[in-house]
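Enquirer: Residues per chain, in single letters:
4 protein chains.
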Amino acid sequence: MSTDTTTSPITLDRTDPEGAIAAAVARCSNWGRWGDDDVHGTLNNITAADRAYAATLVRSGRPFSLALPFDNDGPQKGWRRRSNPVHTMLDTGTDAEAGVQGFPHGLGGADDVISMPLQCSTQWDGLGHIFDHGRAWNGRRAGQVVTSDGDRVTGIETAADRMVGRGVLLDVGRTFGTDGELPDGFAITTAHLEQTIEAQGSTAAVGRGDFVLVRTGQLTRALRDGWGDYAGGAAPGLSFTTADWLRQTDIAGIVTDTWGFEVRPNEFDVAFQPLHQVAIPNMGLFIGEMWHLDDLATACTADGRYEFLLTAAPLPVTGAVGAPVNPIALR
Amino acid sequence: MSTDTTTSPITLDRTDPEGAIAAAVARCSNWGRWGDDDVHGTLNNITAADRAYAATLVRSGRPFSLALPFDNDGPQKGWRRRSNPVHTMLDTGTDAEAGVQGFPHGLGGADDVISMPLQCSTQWDGLGHIFDHGRAWNGRRAGQVVTSDGDRVTGIETAADRMVGRGVLLDVGRTFGTDGELPDGFAITTAHLEQTIEAQGSTAAVGRGDFVLVRTGQLTRALRDGWGDYAGGAAPGLSFTTADWLRQTDIAGIVTDTWGFEVRPNEFDVAFQPLHQVAIPNMGLFIGEMWHLDDLATACTADGRYEFLLTAAPLPVTGAVGAPVNPIALR
Amino acid sequence: MSTDTTTSPITLDRTDPEGAIAAAVARCSNWGRWGDDDVHGTLNNITAADRAYAATLVRSGRPFSLALPFDNDGPQKGWRRRSNPVHTMLDTGTDAEAGVQGFPHGLGGADDVISMPLQCSTQWDGLGHIFDHGRAWNGRRAGQVVTSDGDRVTGIETAADRMVGRGVLLDVGRTFGTDGELPDGFAITTAHLEQTIEAQGSTAAVGRGDFVLVRTGQLTRALRDGWGDYAGGAAPGLSFTTADWLRQTDIAGIVTDTWGFEVRPNEFDVAFQPLHQVAIPNMGLFIGEMWHLDDLATACTADGRYEFLLTAAPLPVTGAVGAPVNPIALR
Amino acid sequence: MSTDTTTSPITLDRTDPEGAIAAAVARCSNWGRWGDDDVHGTLNNITAADRAYAATLVRSGRPFSLALPFDNDGPQKGWRRRSNPVHTMLDTGTDAEAGVQGFPHGLGGADDVISMPLQCSTQWDGLGHIFDHGRAWNGRRAGQVVTSDGDRVTGIETAADRMVGRGVLLDVGRTFGTDGELPDGFAITTAHLEQTIEAQGSTAAVGRGDFVLVRTGQLTRALRDGWGDYAGGAAPGLSFTTADWLRQTDIAGIVTDTWGFEVRPNEFDVAFQPLHQVAIPNMGLFIGEMWHLDDLATACTADGRYEFLLTAAPLPVTGAVGAPVNPIALR
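If you're matching them up, the sequences are chains S, V, C and L in order. Residue 392, in our numbering, is where the first sequence stops; the numbers in between run on with no holes. Residue 392, in our numbering, is where the second sequence stops; the numbers in between run on with no holes. Residue 392, in our numbering, is where the third sequence stops; the numbers in between run on with no holes. Residue 392, in our numbering, is where the fourth sequence stops; the numbers in between run on with no holes.
There may be inaccurate statements among the hints.
Identical chains share a label here; the pair holds if one copy fits it or two copies do between them.
Here are the simulated EDC-like cross-link-like pairs (lysine to aspartate or glutamate), alpha carbons at most 20 Å apart as the crow flies [stated by the list, open to error]:
| hint | residue 1 | residue 2 |
| --- | --- | --- |
| 1 | 138 | 245 |
| 2 | 138 | 290 |
| 3 | 138 | 286 |
| 4 | 138 | 242 |
| 5 | 138 | 330 |
| 6 | 138 | 98 |
| 7 | 138 | 328 |
| 8 | 138 | 355 |
| 9 | 138 | 97 |
| 10 | 138 | 255 |
Just so you know, the hints here were simulated from the structure itself, not pulled from any lab data.
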């Protein structure tokens, strides 16, 4: 599908992020759209019929896991106490072989625990993840929504059964990059998105209720060359100016293969993730980050089909403002 | 489908679990069946065509999350250091409102971490979870597979993209229980499974590559009455004598709404989870536990369709011997 | 030493905890006493000379550890997400013996991690642990002191080198209890404290800068009979009416062998730890809880000396509002 | 005190660490010295009289905490899953001010948890930390001592009340370094230790039962210049050749301000911490690492007294092979 935003170029005043955010919010807010009590945001854009239709997109029956491995070799470097997962064993095979476990009839066992930030790897941002001037999704006060007990209203468990629908891969990296990779700092505009859709053909059309997966190629680079500053450093990503496209398309969710979804450095002199501030608390938009899209992209390119059934069920941690996920594209 | 195991009743010598296990292993082992290097076990039973077919089972497009909420109010009581998840916040909305976060342009954020056993709630057992006399799946030495570093061979990440296929709900609780619930200690035999299939009709037929979800009703009871000894105490579950059925049906995975899949107390005088010892290291069978099947069961009963597309993608923790999962049934 | 508070009995209006707290605060507050910037509270009451003197109290050279073991068998039951410590291994001796570690020249290693609430076992409450109507120690706003980043002002690291001085054991359990144990619900008043001091003799005199260790015997009971509701249930402990004694004695810290230091149920119809509310934010008093005093008490009783050098150095977790500690009494 | 080892120089064959270790073990082993059941190793070298004497060394009454702060800004970088501590809040002052906590009479609270490797910062190595060819302290099989359950025999809790005695600071950095700092790779020999003792005078004499604290100055450098490769990289430290001195002096423990106690790179072509392999499993020697000695060193230098009462009580985590500690020197 197409929107008219590409014909009305948005110019950004780099010195005034707060003004730009306020203007974008005025154009794009979804507050009240699904009732004052709503906790589902843009997931309201998907219907059961959409999900039934999405299932018809399955052809070969090949599933793709879009998750990174969750382990100590991940991208995190301690920013705001975000570490990589620490996985430890409660019981092991070496113990079983050594005969020290005490189970009867030759049974041995292994068991394990994990400690990790919920946004350490492939993830969904929940609606309680970002606030705009002290306001959370749908206009609630941030402090009434997310306390030390977690998100009491829009915890990720409210999305436990809703992250299912039509997925569309937009391989912007392949369309506009070199060897399939956009450089760090590349701002993906609405025009880039539209042209990618056009280049990929009809199966790449984006419409209401879709999950849009944008491949930049940065993760390809990080997996090849090392994480470097992948977690929080310079990165390709969506331009702040795509806010209107994200709103007008009425998609259910937007996903990238990068740490932070939007272009970094951000497009203002002093800013931190301004598009998040418009998208999450004001639009109620679900954002997926650090998804591993390469194998899926290869398959889509091979047969020219960019749509699939996406099942990206978040681990339903009660009150979580984000969640690890192992998204499955079935095509 | 049907097997002949119901006509050859297996009698158990309660004093000899080790002998019974050895005999069942002799009948049911899959070692070498998919090559010496195999790490996928019964997931080999699913083909791409099976997955494409499973997608055609979707009718209404209604998704069901089969996960319990992951939180402090879960069933764990500390057995072998298994606690409930501890979810804590790195940043909150109260902090954002208080203006203490230091972000520019009115942005506020919340972030969180979790610490939990990988088998604390709705889960898959990995193939490295259980050993038989020091041997892991496919005959490998337990100590060469699972060390303190985790499962180096059959870690749950090897199943990241494979837990997708046809799901079948067998509501044994509804068929044989009172008010839909089997009592604790009820041993579900092959006859019970077959009769449930027959009672439920053709959509409940079980065949190669299926994920079979057995509802006992114990979780219904625990959610209503309190956890009590749900984690490790008495429970309905599969009889040790179903080992042959589990093998002969060539299913991909077996799932229950209980803590431990098999009937407890176990059917020997001194034993601990003997069916696990046959199923995991010898058959390579994937076992799901603590799945919340009630809403799905209600829907299946309502329209008489017991099959669906199941996407139960484990969180791919590298080297994990089990994994939390938010399984999605789409029907 | 002696105070006159025993001669002016305080009567409590059980329906008005807020009024009683306000009145006690008016009598006992230390706000501003050590300057507006103070972060050390009653630790200001100890001088270097006091510590040098405390060292002269050492006679036999026998050290006593006053800590409980930190492990999975502790008293916690999940109240406000307080669990027992979860200790897991990163490397083990079984792995070393199995030869899977990869170190040269026959070296093997074991290593471990822990996850635990800072107040799960033997501990110090920090000054940021409790607030009175939104105010922290010395009158600061609670929200400016303790955010999700931790205690930015009075974190326990500020007390890292100060928990050293003269310790005095008051064995109220032995003086007033049966077989050395006070019953749950027993409110220890100033009179009980004074009479214990008198019964124990001159080495039990309490004065400025001392750490006072009050043994109730409840922990003796819990270690013998099982934890039961030790964590948060009924318990012997200090009466709310001891606030004045705690203030007038100018002690450095007060310690008990109970979960919560004050008597439980609390002495008002609807209340939660009202003496904490007076003592921590208003007096700046350090409170130790769950200290294991039995062996020390036995030794003190044996030779009639109730004073010793106490070194109770908190684990200096930056920004912590409490800390685990292994207190050492050297006598 | 003095030993004759300086007169018999040990020459190392860089190609044969295993031979050198075996030879050192033959000279230095303490196996069986304190009985077959012993779990205390060199802590047996301290007597009650020694501790009483150590208390007499206190002059000014000034305590020094020798611990680093435990926080996210520590030296760890993920080696063998060792991360820095992750400290998170269960309740905060911002929550209390926001009025969302639900406590009565104006009470507010803050509470916190930590997740950390036990050897992430200032620490004691326990006797179960290192093995020599599958053998732990006193000749026990490593796999019978340290399993996934932790150290079942020599867990750090066995040392809970024993880390108290005379401490001696040997400021080798000041004696042999530039501006008080030894360069990375500097191997401290017995001669260096002896000459430091001689330079510092009679209060620096080292004898049976002492805790010897060796300052190299590397931590001074790391705190000034950034951690860099402090955790595991090149460092000054004790030469392998000091094994005999460590044994013959009959000290209770040895401590450095470095990550790994011994010089790095180690003094063999292919090796990993060979002196640990001699000292821990064979001598039963307790090793402290990452102790912050600068303030203490300044004070010792100022008045020429290098001895003090050391109370370095490990957090008694049951079964731990190492422990965080806040050591207190009182002088």
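Enquirer: Could you work out which earlier hints the structure fails to respect and list their numbers in ascending sequence?
Expert: 4, 5, 6, 7, 8, 9 and 10
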